[in-house]
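*Asks:* Residue-level listing of the chains:
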Amino acid sequence: MTSRRDQSLTLVILGVFSLVALLPIVGILVTAVQDPNGLRSFGSFDGIHLGNFGDAWTQGHFGSYLRSSTIVAVTVVVVSSVFSLLAGYAFGMMRFRGADVLFYVLLLGLMVPMEAVIVPLYYDLRDLKLTDTYWALILPQIGSSVAFGTFWMRAFFRTVPRSLVEAARIDGASTWFTLWRVLLPLARPAVLTMVVLLFMWTWNEFLLALVMVSDEGLRTAPLGLSFFQGRNTSNLTLLAAGAVIVATPVVVLYVFLQRHFIRGMLAGAVKG
Amino acid sequence: MELVSLTLRRGHPGERPPGEPRSIGYLYLAPALIVFAGFVLVPLLHAAWLSLFEWDGLTPGTWVGLHNYGDVVSDPALRRAFGHALILIVFYALLPVAIGLVLAGLVARIHVPGLPVFRTILFLPQVVAMVVVAVMWRMIYDPDQGALNSILRSVGLGGLAKSWLGDFGWALPAVGLIGTWVWYGLAMVLLTAGAQKIPQSLFDAARVDGAGPVREFFAVTLPALRGEIAVALTLTTIAALRNFDLVYITTQGGPGDATSVPAFQVYDRAFKSGQVGSAAAIGVCLVAIIFALSLLINRTGEPRWAR
Amino acid sequence: MRFTIPGAAVALALAALTAGCGTPGGSSADTAKNTDQEARQTVAKTDVAKAGKVTLTVWDQEVRGGQNAQMKRLNAAFQQKYPNVTIKRVAKSFTDLNTTLKLAVSSANAPDVVEANQGRPIMGQLVKAGLLRPVDPYARAYGWQNRYSSVLLDLNKFSSDGKTFGAGNLYGLSQMGEIVGVFYNKDKVKQFPQTMADFVAQSKQAKAQGDVPIQFGNLDKFGGIHEYETVLSRIADKQTVRDFVFARQGASFDNPDFVKAATQLQDWAKAGYFTPNFNGVGYDPAWQQFAKGKGRFLIAGTWVTADLAKQMGERVGFALMPGPSASDQPVALGGESLPFTITSKSKHPDVAAAYIDFITNPDAAKVLAETNNLPAMPVDPSAVPSTGLSADVFAQWKRLNADDGLIPYLDYTTPTFYDDISGGVQRLMAAKDTPAQFAKSMQSVYDKWNSSR
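Residue numbers (the working numbering), protein chains in the order written: chain A, 769 to 1040; chain B, 84 to 390; chain C, 9 to 461.
If you're looking for bench data, these hints aren't it; they were derived computationally from the structure.
A portion of the hints provided could be inaccurate.
Cross-link-like lysine to any residue pairs, in silico, SDA-like; alpha carbons within 20 Å at most [stated by the list, open to error]: (1) 268(C) <-> 208(C); (2) 440(C) <-> 280(B); (3) 897(A) <-> 358(C); (4) 196(C) <-> 325(C); (5) 355(C) <-> 815(A); (6) 61(C) <-> 92(C).
Selected chain C positions facing chain A (in silico; Cβ < 7 Å) [unchecked claim]: (7) 100; (8) 112; (9) 206; (10) 247.
Beta carbons are placed, not taken as given, at the ideal position from N, Cα and C, and that holds for glycine.
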């Protein structure tokens, strides 16, 4: 008994809001391929000049920035995923003293934004002589990622039927074997969701890189883009091209794995 | 969406995991807990400690007790920064959730074709790095060449064109609206998905009672979405309070300090003007406020995981 | 979320065990003493060629056309002369450099040479923390005191405890002189105003004709300081401004002249003499508009000379803001560009000093002049441009130096004054604060700092 009118009204409203979400992104894409000596206003169109990406790439050193971002993001994602898997397994499938309290402590971590601890983090890592190294970008991000990851994996393990684990145990499988051989294949979708979310958060992190890194060779892509903007306030096309380069890896990943992104973002609401 | 409810419902702390108590659990926990403690908990405590000093970050600090916290209340610059953060909550959290709710009310009982496509697009702003978002909107807001003023002029509303990020009255709303743009898609997807799961029988019952669409919304849809609203509000409120990238790149807190926010003050004080103790105190206050607001939102909205 | 309370308690206990609980900052009490010893040392010029393989990391903010060109040329020449040295250049905008410099020089792999802005917000704080190396020994070895006027050298001096600005150890050398003056479009301005009243009259006329009288962009916040101080330079006595910047006895901001200058500037803004929506326009886009022929005047520093000359050729001129009467002595805001300093953590201070010497020596001065920059040091007369915009700039520089007419930037005054005054001028020009409120709030932040130092 859905009225047709209601349906079209809903479609129109959804359409308008989707358009608003999309337009700025299309605008920057279009700006990025404009003639660098042309009109230079946001959203104008005078043909396609793909050479801008090459120019931005070399002038902005984006090659080196993407490399740093990749090193940091891959390390953080791999290490935190493994740690989270282990911790989530323990919280979800084992009983031990203090499990609840420890879990709550970890949950607390979901409420501590990087902005709140950046000051002591900087001085602690400087005392350890770790600032201006990849470690300064990797370690704090693993610390905050495992809080979400553990929370996420624990939720998954709680959904696994007991009978499965008990059967494995009766067969004499160790906890280690059960995790990797019995449970991991089942956990694949949950792990993938976790991986894409952690990758996105790590890739997009800005403040940590701004504070910890001054060596140009270690700059991550968002940080590099911010300095590129400082030097290119006048050249909109190159700046737009740089912005597109920085955003592309995550957006491509999103297009291919969007179901995982959306599912994770909605469920992972608490991470922030 | 199925997983949302799984996560939140079955992730109930009171439920017993299978198996016997085993201490091997600690071994599995150790790696995660150690990095977490080392890079989240210890720094948080260290922040609390630093906040009790007046310290320039370079020469030895002076113990000042709770003085830095007093400043949060008494220093007008800081008070304004926290005030701005509260205003940003309106743009980051309340506005997106309101938009999402309107839509949820509309689609509550309608099958929408192509919803996955809309969902994909609506989510896009979420995955673009905040730095990129900021660069993009700085271009849109540019008073001369920006898209916004160009559009206004082309439709004959040139009188409304202004320097969005440079106007004392408009800069903060302009920054806030970027937040709205980033978050409304998430709120819409979350709330419409929730609305589509409301049992048809509830609406039928309301109909029988003679409820119109508006009453139906307040009597059925809204209460049924309390959980989703709480999740959306928590997420967006935290984002509003920790906002740094956007302000740093679009306005540097200006004009004057019209868009200065706590996270920006943390950076500015700690790493530029040498007021590390004060910066640490602001950070601690941020955590406290996030904590208090999350608690408040989730008490009112009854999050599923705490039921 | 009741459960978080025991959670927090556990977290507290856990972290209390691990967090080191001591007074932050450790023992840097001897920094000043060590620095002074360093300043008294004697060093010899290094033979860079024999220094072995060295990588010198240099942070500069020379990103605009002319500055970028000279930096590239000089870096290339240095590396050609000394193939064993690699210069790793990191160029950032002025704002980005200032926001990240402090973090960079405190890092273990600090850059070797950095441009550290004069005054208390940047150089003063770095000196206080012992993060910069005094270059006095090198000054003696290379004879730098003969290369610069003492006024210019003083601007790069601080006492080793960072308390006294303008005297004490020398911390670096600047390449360029700077004047903040008035660029004007010769197509539109037939006769440059001889008095301030004349300047206002021409602005008014431009406004009436639908042109932008004064191009100005203040989104980046620092431009406003220059507009205010340019007006101030023609209203207040130069000594009053200097006393305030160097925080001398009895100096004040809330005084009739400073208020009068604020009133003047606000009146201009209210009358629409500046680019519409200036608080939302970037600094660089504003002068680029001027270069494209939009606008009559541009109050800006000589750092945009090269770019304007390139784009406007003979159609642009440079002059100082005129005083109340045509016969007034020239006064203008200015001084010198950010000094190149050597960080304390640099492992190659000798090579760094040789580099600084190289980019400020007479040959470098020629390169600077050729790239439309204004060298701070004397330059071979043959290299002085005789035509075009640069000729105007060189002439004004000579005049100002002869008459001791330069006043220093207000943002040097206290560690936080860059933020205070830039934000304050934004509020003033947007008519958010009255001139009296503006002066009062600047005075109060100054007093707060002055009483605590």
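*Asks:* Checked against the structure, which of the hints given earlier come out wrong?
*Replies:* Of the numbered hints given earlier, those the structure breaks are 2, 3, 5, 9, 10, listed in rising order.
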